[in-house]
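Colleague: We have chain A already, so just place chain B on it with the hints.
Order-wise, the sequence lines are chains A and B.
Residues in the first sequence are numbered consecutively from 4, following the working numbering.
Residues in the second sequence are numbered consecutively from -7, following the working numbering.
Be aware that one or more of the hints could be misleading.
What the hints assert, rightly or not - What the simulated footprint calls covered on chain B by chain A, stretch by stretch (three residues with Cβ under 8 Å from a Cβ of chain A suffice, anywhere in the stretch; the number is not a length): (1) 77 to 84; (2) 126 to 132; (3) 203 to 211.
Because the hints were derived from the structure by calculation, they are not lab data.
Here a beta-carbon is modelled for each residue, glycine too, at the ideal position from N, C-alpha and C.
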Amino acid sequence: METSNSNRETILNAIRSNLPKVPVEHPGIRAFQHPDGALKAMFEQRLKEAGGAAHDVGSAAEAESKLVELHPDAKVICAAVPEIAGTRRVEKVCDPHDLADVDVGVVRAQFGVAESGAVWLTQEDLVVNALGFLSQHLVVLLDPKQIVPDMHAAYRRVRLTETAFGCFMMGPSATADIEATLVHGAQGARSLNLFFL
Amino acid sequence: MSTAKQVDPAVAAELFIIQDQIHEPMHDRFLWATMQRRHAEAAAIPEWEELREIASKIKEHALTHLDHYLEEFEANATKRGAQVHWALDGADHNNIVYSILQDHGVKELIKSKSMLQEECQMTPFLQQRGIKVVESDLGERIQQLDGQPPSHIVFPCIHKTRKDVAELFARTIGTDPNNADPHFLTEEMRNNARSRFLAAGAGMTGGNFAIAETGTFMVCTNEGNADIGAAVPPLHIASIGIEKMIPRVEDMGVFLRLLARNAEGAPLTQYSSHFTGPRKGGELHIVLVDNGRSRRLGMPEFWHSLKCIRCGACMNTCPVYRRSGGLAYGATYSGPIGVILEPTFDEFKYSELPFHSSLCGSCSEVCPVKIDISDQILKWRRVMARKGYLPLVKQLSFGIAGHVFAHPEEYQVIKKAAEPAMSYAPHFLLYNRTLNPWVRDRELLQPAKKPFRDWYLENRSKDGNVQQ
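Chain A on its own, in the form it takes in the complex:
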């Protein structure tokens, strides 16, 4: 729009002439204490409350068989991780529309957050962002050592300037829009199973 530049000046000038008289200092954020110890247990509990489920798997082979056990009818398994082959490699997918038929997407999260059960997934982890949202079901791999206690620690860890997309994903898609009744699988994944691996 040609008008953008003058709009920009109009808005910034209006703000400058209307700024409240007394500028307020940034308060700073002190380090908060959090319950020590069992981050993994807390994470698992919160993930369950969010509608997800965590599983301990000892090896890639065990992860494969767990996936088949959880999704016996899956035809298209699209993987973004080396541990699981799947039926389609996401690296080969150029157009996100080509992920519309995915039954199970398999991705690895960088870390989890104990206070919510959320995992951090970026564009680099998903390879094609739509894999995290068009897949009917998700399997997320997470190293159990990579769990931070709370969102303060989580934001110290994310590198927003290094990725165009990053998401704290807490369980599967959900809605409570109709009579406040919780339903999973509103638009995104119907289920989210997390494998500690």
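Modeller: The following block gives chain B in isolation, referenced to the frame of chain A:
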């Protein structure tokens, strides 16, 4: 003064209440249950009150340096490849969006929930110009199919029963009218929306927060609909109010710990997504919208309302909102936050809103960024009175009340005269809904046989400490 008709929330609320014995009690119950979950989550965090204080101060800091943070955000977002546009008002926003869509030959748009796009009336504008606009949030889609605006900023169709939705879906997308199971209805809409996501030429979102330090904006949803809209079509347009600026990435820890806990009693929404420049293979446009915000910043008594993070807790806790339903406010924003935001758009049209409150103060107590909502409601009442926007019946009764309360001797005379009148007046006269709107949904108190003042004079005045 605007030419728009004054909104009368009391009359609209009455229609919501008297329609049947189902809608209003259900609405009240669901929102109060949400509030109970909110209280449980808040109580589980020892530093909850401190977080509110920090969030409030960060917002005040950002707003008192807003020009600086907007420029920083723009520079960083641009550096990452986003195209940033500036819109003076709603019309400007809509024109910018339309021109981007035209440049890309987009005929169909899938959008996620954005109160700002509601505020700008974007959907009708685009539809009049031949662009198909589909809401993807379940609640918003329900409201779109019903031709209604959202009644709540977080739960758009919370005023509807499952039966209402089943009938609506039967009429509009051809589902079984007798199946009102929310799981079935949600599944039907999931399948209906899928094809629209795949057909859309562009996805639109709002933005919950914009981080100046990195040029990132954040979108929080439970359905993942904003993420599909941003990840599948090649073009993503985000509308963001200029007041959404957050200085640093680190600050987000405070806001995300507060937002979903306060909104719905969950630690986070299911998806908290961060967009920093266009995704691989995509194009990203950000429209920064003023639409009265810079003017509001210059209102010493009201600029704190710009701190709002749209959690909706003030609505859920409000005894007036819970019984009125959001549509009664006749405005984009309803509930206590709507009462203090809407008059900044149109003082006359929304002059009745500040009177649609009990001033109980619960909204201020739960606000995660400590906006003095109930104080602002009272201040707006003063503005309306000063400008002569009070309806005649309120002007008369408030005028008389003001005079009487200022002259206690007259109060005693009037009270003594009124009590027998109340005792003997026929029920139909006292309870006439036209003459006395107060009684439409309320019982009048029975006047005491002996007023407290008379009792006190007889029983305690011998102590000699009462002013005769």
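Colleague: All the hints need checking, so say for each whether the structure fits it.
Modeller: Hints versus structure:
Judged by the Cβ-Cβ criterion of 8 Å, the stretch 77 to 84 of chain B is covered by chain A as claimed, because 5 of its residues qualify and three suffice. Counting residues of the stretch 126 to 132 of chain B whose C-beta sits closer than 8 Å to any C-beta of chain A gives 4, which meets the bar of three, so the coverage hint holds. For the stretch 203 to 211 of chain B, the stated coverage by chain A holds: 3 residues have a C-beta nearer than 8 Å to a C-beta of that chain, and at least 3 were required.
When each numbered hint is compared with the structure, no violation occurs for any of them.
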